[in-house]
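**Student:** Taken in order, these protein sequences are the chains called A and B. According to the numbering used here, the first sequence is numbered sequentially starting from 1. According to the numbering used here, the second sequence is numbered sequentially starting from 485.
Treat the hints as calculated values from the structure; they're not laboratory data. Model, not experiment: these values are computed from the prediction. Even glycine gets a Cβ: it sits at the ideal position worked out from N, Cα and C. Any given hint could turn out to be false.
Cut-off 30 Å, straight-line C-alpha distance, at most; resulting in silico cross-link-like pairs (DSSO-like, lysine-lysine) [claimed, not checked]:
no.	chain 1	residue 1	chain 2	residue 2
1	A	254	B	576
2	A	439	A	459
3	A	254	A	347
4	A	58	A	2
5	B	576	B	740
6	B	576	A	105
7	B	850	A	2
8	B	782	B	740
9	A	347	A	58
Calculated Cβ distances over 10 Å to all of chain B for the following chain A residues [claimed, not checked]:
no.	residue
10	25
11	34
12	74
13	117
14	273
15	287
16	290
17	324
18	336
19	363
20	407
21	447
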Amino acid sequence: MKTPTPMVQDLIDAIGEQAVVWHDDDLLVYEYDGTIDRGNPDVIALPANTDDVVNLIKIANRYDAPVTPRGAGTGLSGGALAVKGGVIIGMNRMRNILHVDPENKTALVQPGVVNLDLGAEAERHGLAYAPDPSSQRACTIGGNVAENAGGPHTLAWGTTTNHVLALELVTADGEVQWIGHETRDEPGYDLVGCVVGSEGTVGIVTQVLVRLVPRPTAVRTMLAVYDSVRQASNAVSAVVASGIVPAALEMIDKMTIAAVEPVLNTGFPLDAEAVLLVEVDGPESQVEAEGARVEGILNRFEPREVRSATDPEEREHLWAGRKGAIGALGQIMPNYYLLDGVVPRTKLPDVLDGVYEIAERYRLPVANMFHAGDGNLHPCLLFDELEPGATERVLDAGGEIMRLCVDAGGAITGEHGVGLEKRDYLPWIFTEADMDTMKSLRAAFGPTENFNPCKIFPKGHGCGEAGHQHAQHQIAKFGPKAFV
Amino acid sequence: MSIASPPPPSETIWLTEDRPDAAELGLCVHCGFCLNACPTYHDLGVETDSPRGRIALMRGLDSGRIEWSPRVQQHFDQCLQCRACETACPSKVPYGRLMEATRAEAFAHDKWPRRQRIIWRLIMRGLFPYPRRMRLAGYGLMLYQRTGLQAVVRRTGLLRRFAPRLADIDELSPVADKPFYATNEAGNVRPTHPVRGRAALVTGCMMPLAYPETHRATVRVFTRNGIAVDAPDAQVCCGALHAHGGDVEAARELAKRNIDAFTPESDDLPDAILINAAGCGSHLKEYGHLLRNDPDYKERAAAFAARVRDVHEYLVEIGFESPHGRIERTVTYQDSCHLSHAQNVRSAPREVLRSIPGLTLSEMRKPDKCCGSAGIYSVVQSEISQRVLAEKMEDVLATNAEQVCTANPGCMLQLDAGIARFDDERRMMPRSTHAIELLDEAYRLGNEGESR
Chain A
1 MKTPTPMVQD
11 LIDAIGEQAV
21 VWHDDDLLVY
31 EYDGTIDRGN
41 PDVIALPANT
51 DDVVNLIKIA
61 NRYDAPVTPR
71 GAGTGLSGGA
81 LAVKGGVIIG
91 MNRMRNILHV
101 DPENKTALVQ
111 PGVVNLDLGA
121 EAERHGLAYA
131 PDPSSQRACT
141 IGGNVAENAG
151 GPHTLAWGTT
161 TNHVLALELV
171 TADGEVQWIG
181 HETRDEPGYD
191 LVGCVVGSEG
201 TVGIVTQVLV
211 RLVPRPTAVR
221 TMLAVYDSVR
231 QASNAVSAVV
241 ASGIVPAALE
251 MIDKMTIAAV
261 EPVLNTGFPL
271 DAEAVLLVEV
281 DGPESQVEAE
291 GARVEGILNR
301 FEPREVRSAT
311 DPEEREHLWA
321 GRKGAIGALG
331 QIMPNYYLLD
341 GVVPRTKLPD
351 VLDGVYEIAE
361 RYRLPVANMF
371 HAGDGNLHPC
381 LLFDELEPGA
391 TERVLDAGGE
401 IMRLCVDAGG
411 AITGEHGVGL
421 EKRDYLPWIF
431 TEADMDTMKS
441 LRAAFGPTEN
451 FNPCKIFPKG
461 HGCGEAGHQH
471 AQHQIAKFGP
481 KAFV
Chain B
485 MSIASPPPPS
495 ETIWLTEDRP
505 DAAELGLCVH
515 CGFCLNACPT
525 YHDLGVETDS
535 PRGRIALMRG
545 LDSGRIEWSP
555 RVQQHFDQCL
565 QCRACETACP
575 SKVPYGRLME
585 ATRAEAFAHD
595 KWPRRQRIIW
605 RLIMRGLFPY
615 PRRMRLAGYG
625 LMLYQRTGLQ
635 AVVRRTGLLR
645 RFAPRLADID
655 ELSPVADKPF
665 YATNEAGNVR
675 PTHPVRGRAA
685 LVTGCMMPLA
695 YPETHRATVR
705 VFTRNGIAVD
715 APDAQVCCGA
725 LHAHGGDVEA
735 ARELAKRNID
745 AFTPESDDLP
755 DAILINAAGC
765 GSHLKEYGHL
775 LRNDPDYKER
785 AAAFAARVRD
795 VHEYLVEIGF
805 ESPHGRIERT
815 VTYQDSCHLS
825 HAQNVRSAPR
835 EVLRSIPGLT
845 LSEMRKPDKC
855 CGSAGIYSVV
865 QSEISQRVLA
875 EKMEDVLATN
885 AEQVCTANPG
895 CMLQLDAGIA
905 RFDDERRMMP
915 RSTHAIELLD
925 EAYRLGNEGE
935 SR
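The shape of chain A in the complex, shown without the other chains (with noise of 0.2 Å):
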């Protein structure tokens, strides 16, 4: 029988033994995020409250243990993975919405509060939360802030980081802040914007004071069908070129389809080489308005077909084969690497034959399903991990197509976050000088060298391959099918 450590036994003598996870076998299970990065934690630490929260960034801080926060592990680019080992400070139990306020349409929430959680709270309400990731019906809003997510509607809503007001810190030295307020509009440095996509970097939030916008009155989604991507791409640039802001702009190519299509049934052509879902919404004159215009838009590329759902039953069926596209990839290959990147919108039709050609050269089969409305790429490469050398040649391919974003003036991450998996091209995009001023940032929230050790910064810091180390050894002892 295997004996707690010294810190393990802390952390049991702190928030109870229901509440931490130490065995080996248990660990295994949160090795893994929604990507195929791993990192092998010491222990779990599932605090109810933000007294728990504190109490455990200073037990981790006396043992000088790294500190890795994670929500509901559905993150995309390696977050929440203990690359270091030490805590994980899981905060999944702290899941209540403790106040709705729809006159100033508002909701205080704690980080465990699921994102689908808080949409169906605000509806009874009137309002909607508008940041929606595909993951939404597990992703926790803690998450949500800690990637600065967005999702298909954060074309006109703009990223988690425009939805929140205020948010309660638990920082590296145990500290509980408040930062941010209520009115939107706090003199001074905006300091949530700071704490919002830091990754976890610069503390734990315990509370989240988010704003609610109001439902539309309409929604029209429309479904146009294309037969080249080209066409496709093209129709999207043509869109935001009429000043309209859609609610959302997807695009959807031939590959994403055949997965999609056998197991949801949404109606996407099998043989069309591209889709876009389109969505506007608003009041009911907009709506009819700027619909008409939209699909007199989508009808100028020669679709095959663009045809409208405006009940909310075929609506659902629609977006479910967008929000359901990545992980019914699953039938196609056992894995998938699914990136992240963002271009101006009008090299979208240039940048998708660049990726089209790079998943060939590197033999990849390639699904792109992506926010095309603000030129938010998000490639899937396809592979199976028991083939030998197909990890490597879907990394090495990944890293050619976030190079390709970069020389098109984009960026690495849209809403994913760079977290492990793209932390080393980070310095594509910013000069040794812009990263140290990161760092001084991170390092004004305090003693924050232990949260999230090995996230957004490149190699450096001792972290080496930590994470990939002990996966390659662990596949060499078991064989790759040892993990999930």
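The hints should help you fit chain B onto chain A, whose structure is shown.
**Tutor:** Just chain B, lined up with the frame of chain A:
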């Protein structure tokens, strides 16, 4: 898709051909979409008790990374097998099948405590498969209730004090106040309308004792819609509980006996094999998979499974007649997990309910979240089950429905226990009912109206 061939038997932990399928395990891309759908993850708040986590544990066992410790076994045991994760899964991982396979292996590995094994043999192998013994047990229960002994036991709380587990079972026991259902009753009901089809009713092990009226209503409803219903006398328990628990050997034996009973001639199959219990229905539809390696039965099993229809599903399929009798009542519908998540039948029961004049359907916030019954789960994992039930009852009571309606005997028993426990101070909610009983009631009220 290339999957490495399984290692030679000496290197694998699995003992039987029922092991979790490596390719099916590989379908999980660990996106985590299942987490929030899982009642045990919601309740326990640890990923080890989430679908994604349990799949990781299965893969850990499969690859030899972890040992099959009692702790790992507990995570498997704590799964309700409600399959809500399958609805949430964009990759369509057949989680229910994987969990049954894992339980089958646990059974083969003898991973259970001795006492649990003995009780299983006595009850699941010694009682459930034998209709006559079940009936005797039913009479025992009837006696226990009619003599007032149950009332005394409950009032004094003695059982709760000395044998809380037994008290839980007592709380979940059905009310045996109606004559038990006999298989020959079905054939005696003559269709009142022109016959357009022929169906065979699966009466099951518990239903004839606990809910005989549901069977009577089922037969009346279908004969009224021109379907002649028969209930083969040689049928036995469907074996769903056995398969869910991992006793696949017993499950296969029962399946074969039912295939012989229902489809003695392979060229003369009934149009539908009807079932009004969702848990049994989803298992009956899996007979083909269960007997896939049995050369004598695999084809017959697949043919049998293809004919299985849940009663609501079949009513909609044949285009049932709308009732004329009014039932002025607000009801809420609890999706039985094995109807919604396992069989994807969600709209049909609602269509049946909405066809009834006067009846209002007031939906819960999460109607397809498990009530915690889950076969024998409510007894063997009573603590989690009770917490899941408490949350369900909160949702039920918030609808202001006068009655809960569902599609499975286990759910009905569990919800009745919930009503007894959580509703007593608020209002007098009657026992839960089955949608088909409401339809039957509406038909009969309509008849009375016409004959008057």
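**Student:** The structure should be examined with respect to each hint, and the outcome stated for every one.
**Tutor:** Hint check results:
1. A/254 to B/576: Holds, at roughly 20 Å.
2. A/439 to A/459: Satisfied, since the Cα-Cα distance of roughly 13 Å is no more than 30 Å.
3. A/254 to A/347: With Cα atoms ~20 Å apart, residue 254 of chain A and residue 347 of chain A stay inside 30 Å; holds.
4. A/58 to A/2: Cα-Cα ~25 Å, so holds.
5. B/576 to B/740: 29 Å, holds
6. B/576 to A/105: Distance of about 38 Å is beyond 30 Å: violated.
7. B/850 to A/2: Given that 30 Å is the threshold and the Cα spacing comes to 41 Å, the pair is violated.
8. B/782 to B/740: The given pair, whose Cα atoms are some 10 Å apart, holds under the 30 Å limit.
9. A/347 to A/58: 48 Å, violated
10. 25: 4 Å, violated
11. 34: 5 Å, violated
12. 74: Violated: least Cβ distance 4 Å, not greater than 10 Å.
13. 117: The claim breaks: residue 117 of chain A does not keep its Cβ more than 10 Å from every Cβ of chain B (closest is about 7 Å).
14. 273: 22 Å, holds
15. 287: The claim stands: residue 287 of chain A keeps its Cβ more than 10 Å from every Cβ of chain B (closest is about 27 Å).
16. 290: 31 Å, holds
17. 324: 4 Å, violated
18. 336: 6 Å, violated
19. 363: 14 Å, holds
20. 407: The claim holds: residue 407 of chain A sits with its nearest Cβ about 30 Å from chain B, beyond 10 Å.
21. 447: 29 Å, holds
Violation of the numbered hints given earlier is confined to hints 6, 7, 9, 10, 11, 12, 13, 17 and 18; the remaining hints are satisfied by the structure.
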